[in-house]
Amino acid sequence: MGKSESQMDITEMNSPKQKKKQRWSALEIGLTVVVILLAIVAITMIVLYATYDDGICKTSDCIKSAARIIADMDPTAEPCENFYQFACGGWLKKNIIPETSSRYSNFDILRDELEVVLKDVLDKENNDDIEAVKKAKMLYRSCINETTIDSRGGKPLINIMRTFSDWPVALDTWDRDYGASWTAEKSIAELNYQYGKRVIINVFVGTDDKNSTQHIIHIDQPSLGLPSRDYYECTGVYKEACSAYVDFMISVAKLIRQERNLTINEPEIAAEMRRVMALETEIANATTKADDRTDPLLLYNKMTLEDIQKNFSLEFDHKQFSWPIFFNNIMSVVKIDIENTENVIVCAPEYLIKLESILNKYTARDIQNYMSWRYIMEMVNSLSREYKDTRNNFRKVLYGTTSDTAVWRRCANYVNGNLENAVGRLYVTEAFAGESKKMVQDMITQIREVFIHTLEELTWMDAETKKKAEEKALAIKERIGYPNEIIIDTAKLNAEYKDLNYKEEEYFENMVENLKFAQKERLKKLREKVDKEEWISGAAVVNAFYSANRNQIVFPAGILQPPFFSAAQPKSLNFGGIGMVIGHEITHGFDDNGRNFNADGDLVDWWSQESANNFKKQSECVVYQYGNFSWDLAGGQHLSGVNTLGENIADNGGIRQAYRAYENFAKKNGKEKLLPGLDFNHKQLFFLNFAQGSGNITKHGRVFRGLQMCQHAIHGSCKKVPSLVTGLPRKKKFPGIWCGLKAARRFAAKGTITETDQMH
1 MGKSESQMDI TEMNSPKQKK KQRWSALEIG LTVVVILLAI VAITMIVLYA TYDDGICKTS
61 DCIKSAARII ADMDPTAEPC ENFYQFACGG WLKKNIIPET SSRYSNFDIL RDELEVVLKD
121 VLDKENNDDI EAVKKAKMLY RSCINETTID SRGGKPLINI MRTFSDWPVA LDTWDRDYGA
181 SWTAEKSIAE LNYQYGKRVI INVFVGTDDK NSTQHIIHID QPSLGLPSRD YYECTGVYKE
241 ACSAYVDFMI SVAKLIRQER NLTINEPEIA AEMRRVMALE TEIANATTKA DDRTDPLLLY
301 NKMTLEDIQK NFSLEFDHKQ FSWPIFFNNI MSVVKIDIEN TENVIVCAPE YLIKLESILN
361 KYTARDIQNY MSWRYIMEMV NSLSREYKDT RNNFRKVLYG TTSDTAVWRR CANYVNGNLE
421 NAVGRLYVTE AFAGESKKMV QDMITQIREV FIHTLEELTW MDAETKKKAE EKALAIKERI
481 GYPNEIIIDT AKLNAEYKDL NYKEEEYFEN MVENLKFAQK ERLKKLREKV DKEEWISGAA
541 VVNAFYSANR NQIVFPAGIL QPPFFSAAQP KSLNFGGIGM VIGHEITHGF DDNGRNFNAD
601 GDLVDWWSQE SANNFKKQSE CVVYQYGNFS WDLAGGQHLS GVNTLGENIA DNGGIRQAYR
661 AYENFAKKNG KEKLLPGLDF NHKQLFFLNF AQGSGNITKH GRVFRGLQMC QHAIHGSCKK
721 VPSLVTGLPR KKKFPGIWCG LKAARRFAAK GTITETDQMH
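Counting in full-length UniProt numbering, the sequence shown tops out at residue 760, every number present.
Hints should not be assumed to be uniformly reliable.
[Claimed, not checked] DSSO-like mimics (lysine-lysine), calculated; alpha carbons at most 27 Å apart, straight line:
(1) K186 / K319
(2) K186 / K361
(3) K438 / K617
(4) K467 / K683
(5) K571 / K437
(6) K388 / K319
(7) K671 / K437
[Stated by the list, open to error] Estimated spans, in silico, between C-beta atoms of each pair:
(8) S181 / L297: 40 to 46 Å
(9) T263 / A180: 44 to 50 Å
(10) K134 / R274: 56 to 62 Å
(11) A290 / D128: 33 to 39 Å
(12) D605 / A433: 26 to 32 Å
Treat the hints as calculated values from the structure; they're not laboratory data. Note that beta-carbon positions come from the ideal geometry of N, C-alpha and C, so glycine has one too.
Based on the sequences and whatever the hints tell you, model everything.
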């Protein structure tokens, strides 16, 4: 302290003599005041700018959302004239259909992105992997090992053909080795219980619709080698597909005979395969059209095995078919005996009756040629390149694809389809945000509340039916993201796949292992209770589901991604995206199929007769409206209003509920910040994001041949209304949000159907 003072003294002593103090002039004082005021103003402006809320969201997620929406739009289109083009025109312009596919959509883009994640996690070596994950990665490595697969040719298939009575066209000694002792009961059962291939007679174990806690055996009409029964007309647009199908058979038969060192007589092979085509055509014509299979009550015909033997007396190769022997052959793999008193659900009695007059036209050799082919055609893609090429040539004609799917994509999907919980664990750990579950749960609660409130507004449903509908809606169980046990219960996950054993050099055998494992799991459930807590989907799936028997809605982690959902994007986008999907799945519980099941998932008529009649009348309006939609790309063909009814009801109900739920959210929580670069409010953004999630393009051949099979209305196909963004033309709110008064009136006058505004 003293030192400091002394220094100060020295300084003062050495200072020059002070001059006389000068006064500031008025000008200097004025300038100083101005400078101070300017500084204050500047500081105030800086503070105000820093804290100013211009109502625009500037987070990185909002910027990404805005950029995506802008890129996918066509701002030159008039939203009231063609909302689909307005919303999706940019997307349609910048996207092309991959050579490996016949269609492309936003769902496909999300699937592509998901597959990249799966590739990365399946490729990654990790010493800490649990046993189930190790098996998934082993299966993946065996699938992408093309060098080994190509070196083995068709031998892996040839080695197992004896397990299903071989393929007569590819074995010169078949009549001697198998023909003399051939029986349909044994041969059809072999493909079923070993490989899950259900040919000619489709027998499977499933839930008893009228007692959904129990399993029961079902008999149904079979699937077909071509996409639908319409193809077997083999005329017009289907002619080329039929020819390609027979060529596919011939090509594979020649390859197998070549590997067996047998002579190749192509005319003889072709003649046998044409017999196969003739048999399959008769089987196809005996099946019931999809339009006539929409009522679950008509598919539920319970009878004993003894009754089946009496009612459906089949003959194969002029030999009486024994249903008891057939059923016991199938169930022998899980050591379950079937007595004559066993109850069975016959889903397609008309098919079985028609089958009686078909089978004796064909020899045992013809029938076995057909059955073996139906299994072989599904296995050639796991063989060497020359076998794969036969399938690719067929698919090129059928779907217009010009290239095969990348091996890693096909393999990632295959592994995911067979070990969904092991792969789901990897996917969720890598790519799923945990907070998404809670947010989606809240949205489900809000949308369910809207659905129940909307029930109260219905004028065509009586009070008692409304009460039961509300009970069912409240009983719907939701599954979001993934089952927790695939992450936290390692022992359970390992136990799920304990019976599976793979070898890296034997991909074909690994596939067979999966088929046998899956079929045993299905068949053994016959004597087990239905586990209604079981998920009906894996986590790494871009889709959503409703199960009528479980009264369960499922939203896998794979679909909880932009544009459908993001925890960080505006709620208007979430409600227009996953919100609409939630409403869609809830509504499936009350569509033309789901409405037949009660809150417990049982096939019970809980509707009053008057309400049921009114529902059918309302449904007829929807069938009529969508049945009038046509598509130039499909030569002016019309959609099937019957086939698409369930999805159209769900689409209309879904968009209505999601929009109302968003309105409720906005009232409760206030306005959201707007997106940068977009002069749209959030009600407009709701519809815009909904529409953009629907963007898709389809190849001409696929459209032309497949339009009548579609269960979903195809966006962009409508001539009668401004656009086919499903449901929008009938939403009263929509025109006012996107159109001026005159345009809204013009929009509302364009073929809309107001009678069904209250449909769900």
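We went through each hint and held it up to the structure:
Using a Cα cut-off of 27 Å, the hinted pair K186 and K319 holds, with the two alpha carbons roughly 13 Å apart. Pair hint K186 plus K361 holds up; C-alpha atoms about 20 Å apart against a cutoff of 27 Å. In summary, the hint linking K438 to K617 is not supported, as the alpha carbons are separated by about 39 Å, beyond the 27 Å threshold. A threshold of 27 Å between alpha carbons decides the hint, and for K467 with K683 the separation of about 31 Å lies outside it, so the pair is violated.
Proposed proximity of K571 and K437 is supported: the alpha carbons are some 15 Å apart, at most 27 Å. Simply put, K388 and K319 have alpha-carbon atoms about 37 Å apart, too far for the 27 Å limit, and the pair is violated. Proximity of K671 to K437 is assessed by CA-CA distance (about 24 Å); at most 27 Å being required, the pair is judged to hold. For the hinted restraint 40 to 46 Å between S181 and L297, the CB-CB distance of approximately 42 Å keeps it satisfied.
Checking the proposed 44 to 50 Å range against T263 and A180 shows it is violated: the Cβ atoms sit about 23 Å from each other. Checked against the hint of 56 to 62 Å, the pair K134 and R274 fails, with Cβ atoms roughly 48 Å apart. A hinted range of 33 to 39 Å for the beta carbons of A290 and D128 is inconsistent with their spacing of about 48 Å. For the pair D605 and A433, the beta carbons lie near 43 Å from each other, so the given range of 26 to 32 Å is not met.
Checked against the numbered hints above, the structure violates hints 3, 4, 6, 9, 10, 11 and 12; every other hint is satisfied.
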